[in-house]
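Please construct the entire structure, taking both the sequences and the accompanying hints into account.
Protein sequence lines correspond, in order, to chains D and C. Counted the way our numbering counts, the first sequence spans residues 1 to 404. Counted the way our numbering counts, the second sequence spans residues 405 to 808.
Read the hints as simulated data drawn from the structure, not as lab findings. Note that the Cβ used here is the ideal one computed from N, Cα and C, for glycine as well. Please note: incorrect hints may appear among the correct ones.
Partial list, derived from the structure: chain D residues whose beta carbon lies under 8 Å from chain C [stated by the list, open to error]:
id : residue
1  : Arg-26
2  : Pro-29
3  : Leu-34
4  : Asp-56
5  : Gly-88
6  : Leu-92
7  : Asn-93
8  : Ser-132
9  : Leu-133
10 : Glu-136
11 : Met-248
12 : Tyr-269
13 : Ile-274
14 : Val-275
15 : Ser-277
16 : Lys-279
Once the Cα atoms are required to be at most 25 Å apart in a straight line, the calculated DSS-like pairs of lysine-lysine come out as [as the list claims (entries may be wrong)]:
id : chain 1 : residue 1 : chain 2 : residue 2
17 : C       : Lys-415   : C       : Lys-745
18 : D       : Lys-301   : C       : Lys-751
19 : D       : Lys-287   : C       : Lys-455
20 : C       : Lys-624   : C       : Lys-484
Here are the simulated distance ranges between beta carbons [what the hints assert, rightly or not]:
id : chain 1 : residue 1 : chain 2 : residue 2 : range
21 : D       : Ser-82    : C       : Gly-512   : 37 to 47 Å
22 : D       : Val-55    : C       : Thr-697   : 27 to 37 Å
23 : C       : Tyr-772   : D       : Phe-231   : 35 to 45 Å
Protein chains: 2
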Amino acid sequence: MKASKTELQKKYKDFQKLKLNLDLTRGKPSAEQLNLANSLMTNLSGAKSYKLNDVDIRNYGEIDGLPDAKKLGSAFLGIKPSNVIANGTSSLNLMAAMMQTLYFRGNGDLAWKERKKISILCPVPGFDRHFSLCEEMGINMISVPLTGDGPDMDLVEDIVKKDKSVRGIICVPKHSNPTGETYSQEVVRRLAKLPKLGSKDFMIFYDNAYAVHDFSKSKKLANIYKLCEQFKTTNNISLFASTSKVTMAGSGLAFIGGSDKTLKNFLSYFSKIIVGSDKVNQARHVKFLKDSTALKKHMEKLSVLIKPKFDIVESYLSKLPEGIAQWSMPTGGYFVSFTAKPGKASKIYKLCFEAGLKLTPVGATFPYGKDPDNQNLRLSPTQVKNSDLKKSMEIFTLAVLLSE
Amino acid sequence: MKASKTELQKKYKDFQKLKLNLDLTRGKPSAEQLNLANSLMTNLSGAKSYKLNDVDIRNYGEIDGLPDAKKLGSAFLGIKPSNVIANGTSSLNLMAAMMQTLYFRGNGDLAWKERKKISILCPVPGFDRHFSLCEEMGINMISVPLTGDGPDMDLVEDIVKKDKSVRGIICVPKHSNPTGETYSQEVVRRLAKLPKLGSKDFMIFYDNAYAVHDFSKSKKLANIYKLCEQFKTTNNISLFASTSKVTMAGSGLAFIGGSDKTLKNFLSYFSKIIVGSDKVNQARHVKFLKDSTALKKHMEKLSVLIKPKFDIVESYLSKLPEGIAQWSMPTGGYFVSFTAKPGKASKIYKLCFEAGLKLTPVGATFPYGKDPDNQNLRLSPTQVKNSDLKKSMEIFTLAVLLSE
Numbered sequence: 001m002k003a004s005k006t007e008l009q010k011k012y013k014d015f016q017k018l019k020l021n022l023d024l025t026r027g028k029p030s031a032e033q034l035n036l037a038n039s040l041m042t043n044l045s046g047a048k049s050y051k052l053n054d055v056d057i058r059n060y061g062e063i064d065g066l067p068d069a070k071k072l073g074s075a076f077l078g079i080k081p082s083n084v085i086a087n088g089t090s091s092l093n094l095m096a097a098m099m100q101t102l103y104f105r106g107n108g109d110l111a112w113k114e115r116k117k118i119s120i121l122c123p124v125p126g127f128d129r130h131f132s133l134c135e136e137m138g139i140n141m142i143s144v145p146l147t148g149d150g151p152d153m154d155l156v157e158d159i160v161k162k163d164k165s166v167r168g169i170i171c172v173p174k175h176s177n178p179t180g181e182t183y184s185q186e187v188v189r190r191l192a193k194l195p196k197l198g199s200k201d202f203m204i205f206y207d208n209a210y211a212v213h214d215f216s217k218s219k220k221l222a223n224i225y226k227l228c229e230q231f232k233t234t235n236n237i238s239l240f241a242s243t244s245k246v247t248m249a250g251s252g253l254a255f256i257g258g259s260d261k262t263l264k265n266f267l268s269y270f271s272k273i274i275v276g277s278d279k280v281n282q283a284r285h286v287k288f289l290k291d292s293t294a295l296k297k298h299m300e301k302l303s304v305l306i307k308p309k310f311d312i313v314e315s316y317l318s319k320l321p322e323g324i325a326q327w328s329m330p331t332g333g334y335f336v337s338f339t340a341k342p343g344k345a346s347k348i349y350k351l352c353f354e355a356g357l358k359l360t361p362v363g364a365t366f367p368y369g370k371d372p373d374n375q376n377l378r379l380s381p382t383q384v385k386n387s388d389l390k391k392s393m394e395i396f397t398l399a400v401l402l403s404e
Numbered sequence: 405m406k407a408s409k410t411e412l413q414k415k416y417k418d419f420q421k422l423k424l425n426l427d428l429t430r431g432k433p434s435a436e437q438l439n440l441a442n443s444l445m446t447n448l449s450g451a452k453s454y455k456l457n458d459v460d461i462r463n464y465g466e467i468d469g470l471p472d473a474k475k476l477g478s479a480f481l482g483i484k485p486s487n488v489i490a491n492g493t494s495s496l497n498l499m500a501a502m503m504q505t506l507y508f509r510g511n512g513d514l515a516w517k518e519r520k521k522i523s524i525l526c527p528v529p530g531f532d533r534h535f536s537l538c539e540e541m542g543i544n545m546i547s548v549p550l551t552g553d554g555p556d557m558d559l560v561e562d563i564v565k566k567d568k569s570v571r572g573i574i575c576v577p578k579h580s581n582p583t584g585e586t587y588s589q590e591v592v593r594r595l596a597k598l599p600k601l602g603s604k605d606f607m608i609f610y611d612n613a614y615a616v617h618d619f620s621k622s623k624k625l626a627n628i629y630k631l632c633e634q635f636k637t638t639n640n641i642s643l644f645a646s647t648s649k650v651t652m653a654g655s656g657l658a659f660i661g662g663s664d665k666t667l668k669n670f671l672s673y674f675s676k677i678i679v680g681s682d683k684v685n686q687a688r689h690v691k692f693l694k695d696s697t698a699l700k701k702h703m704e705k706l707s708v709l710i711k712p713k714f715d716i717v718e719s720y721l722s723k724l725p726e727g728i729a730q731w732s733m734p735t736g737g738y739f740v741s742f743t744a745k746p747g748k749a750s751k752i753y754k755l756c757f758e759a760g761l762k763l764t765p766v767g768a769t770f771p772y773g774k775d776p777d778n779q780n781l782r783l784s785p786t787q788v789k790n791s792d793l794k795k796s797m798e799i800f801t802l803a804v805l806l807s808e
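This is the structure in structure tokens:
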């Protein structure tokens, strides 16, 4: 990588000539990953399998999900099955429905729609769809930086104490999208206590999207709900997870967890916008991911496919000259967060794009799509073939060098 | 039925002794109906079946649905596939999402949330879930009577002209829930023209829930979208349907249709609250309900199971003395609407309940759960066994007589 600028430009032009169509934009599972869940397709057959938990899974009912599906959700969320609702298809719908519950009904206080301004704290860089959901609902987003151990809790606590419009925070506590960081025990403890500093209807949106998605030895995430019990803040948290990146993306189960009071309030709203839950798909998943041992085994099989992709990314990034950039080295999840020098991200993006490599748009990982320092890029290596990933990383690192 | 009051009371008490647990509350398919769709359970197997329309159905993407699923939706909605979005699981979620699109984004005018008062016209008696959705969102409901040919259009037009808070109307145009009526050609024509009298963001929510659900020779429903094209009101209608009562309730597909502009606006909102659509289930349905001929054949098989239930209901009701009540004799759909003498519905409900027969709560078929004349009851005969249905109808007619 000590090549001269001319050499780099020649290499870059050679790539352009290939008219490649590479894509690292989204955290999609690969076909090989999906293959590992193919038994879902046919694992219910015969009249016996149409009943589960004394319910005809083919008919209406059980808006809160089948008891066995709640049990499965409990393995993701770390709370007891009766405090879980199982539905589909992604945790985003459930988070949207929870936000709308607060918007139309509130959480033991005024409904959000009755207030002039609602603000939500958003650790950054974060998940673009969280931000676009808030923006759609007219919620004011306040960025707070992630530290590598979770959000800067001094700042978070300070804002919550001072800004009365703040009604919640959105977290991806494990293998955070895109930074890959897992919140430290201390951060989780302070988060669980946070509602005591804020409004009585404060809500922690705890999107544990990568709860079981380790591909290397990973830091353990503390059980926030137990800490909430300790601090008596269980009515101020809702937890989310899904099987989107476990079985089949788009055809998975999604889970929401919370206190009895939180779920009752949620269901009062949810039952107005949906008739029931897809219990056929729930029964398929229950049969496939029997218990937490089976789930763990399945995730191990997936990690065998996923880890090499992250190794490839790292092998290319580690060849970059020192000081030119920083990047995450996650032990799970789906993303690598790349931090270029300030002002360089859009240039790198453009160089990649013009050489046939699509990246997640610059700014997507920040509220309102605006990266204030124009320096964060998200890489999503899971779906592409290893050979394409190598080409993609070659282009990417070339673009980083050329952006200098 | 000319028995004396004492005899009737004796019969009633005998029923009470049986401690029955009968239920005519909801329009659920019977297990026999569901059995006819069992091939959905296993009809995708082998790598070849995981691709449809050049898409890996197991992965993320296609938030608007697979092209073939749109084609299927087109057979329900009577508009071209490109003007259909296929999703799941019930039309209620899609109607809720459409209402929220108008609430948060508007329809080419101010978002609903920016206005002091939003009113929606609700033909009555109607579908309880439509009403509870509006109520949840703080939408003011204005009842307009159904005539047997659809809503009283003189009154509808008059209100739309005079009341500037009115932004839409909710219709179930075929085998309406619960009255069973199908809107006449003239009513559909006037509906298609209605937006011209109202606000520019006026929206017809056209829930064609029973579009293909005839069990006897039925009146043909005019194609409203074609009429909207004629009147240039295609941006003022959204159409809904689902396979809930075709294949498996709760695990079906749902469809929304509308103009390019309407769907674009809808997707702008929808893509913020959901990641994609369950394309596995879509592919299952496409394979099962190949085309409109296959769909028609399947509906005929269902009607063989459904019609006898309605015949049983009619056979009991027709024995009631003249003048005591009126009721619908539907040729499709899932309900019989029973109109007792004013003030009698809650008494009949209570008598049934205390003899072990649950009915849909009185008032459920009206906005805010209030039947102004306390006289409408909804009977849903499809799910119960014929023998139980006979017992149920015996109790019901007894209760009607005893309520005198």
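Okay, the hints, checked on the actual structure:
no.: 1; hint: Arg-26; in the structure: holds, 7 Å
no.: 2; hint: Pro-29; in the structure: holds, 7 Å
no.: 3; hint: Leu-34; in the structure: holds, 4 Å
no.: 4; hint: Asp-56; in the structure: holds, 6 Å
no.: 5; hint: Gly-88; in the structure: holds, 7 Å
no.: 6; hint: Leu-92; in the structure: holds, 5 Å
no.: 7; hint: Asn-93; in the structure: holds, 5 Å
no.: 8; hint: Ser-132; in the structure: holds, 5 Å
no.: 9; hint: Leu-133; in the structure: holds, 5 Å
no.: 10; hint: Glu-136; in the structure: holds, 4 Å
no.: 11; hint: Met-248; in the structure: holds, 4 Å
no.: 12; hint: Tyr-269; in the structure: holds, 6 Å
no.: 13; hint: Ile-274; in the structure: holds, 5 Å
no.: 14; hint: Val-275; in the structure: holds, 4 Å
no.: 15; hint: Ser-277; in the structure: holds, 7 Å
no.: 16; hint: Lys-279; in the structure: holds, 6 Å
no.: 17; hint: C:Lys-415 <-> C:Lys-745; in the structure: holds, 22 Å
no.: 18; hint: D:Lys-301 <-> C:Lys-751; in the structure: violated, 62 Å
no.: 19; hint: D:Lys-287 <-> C:Lys-455; in the structure: holds, 24 Å
no.: 20; hint: C:Lys-624 <-> C:Lys-484; in the structure: holds, 19 Å
no.: 21; hint: D:Ser-82 <-> C:Gly-512: 37 to 47 Å; in the structure: holds, 46 Å
no.: 22; hint: D:Val-55 <-> C:Thr-697: 27 to 37 Å; in the structure: holds, 34 Å
no.: 23; hint: C:Tyr-772 <-> D:Phe-231: 35 to 45 Å; in the structure: holds, 40 Å
Comparing the model with each numbered hint stated earlier shows that hint 18 is the single one that does not hold.
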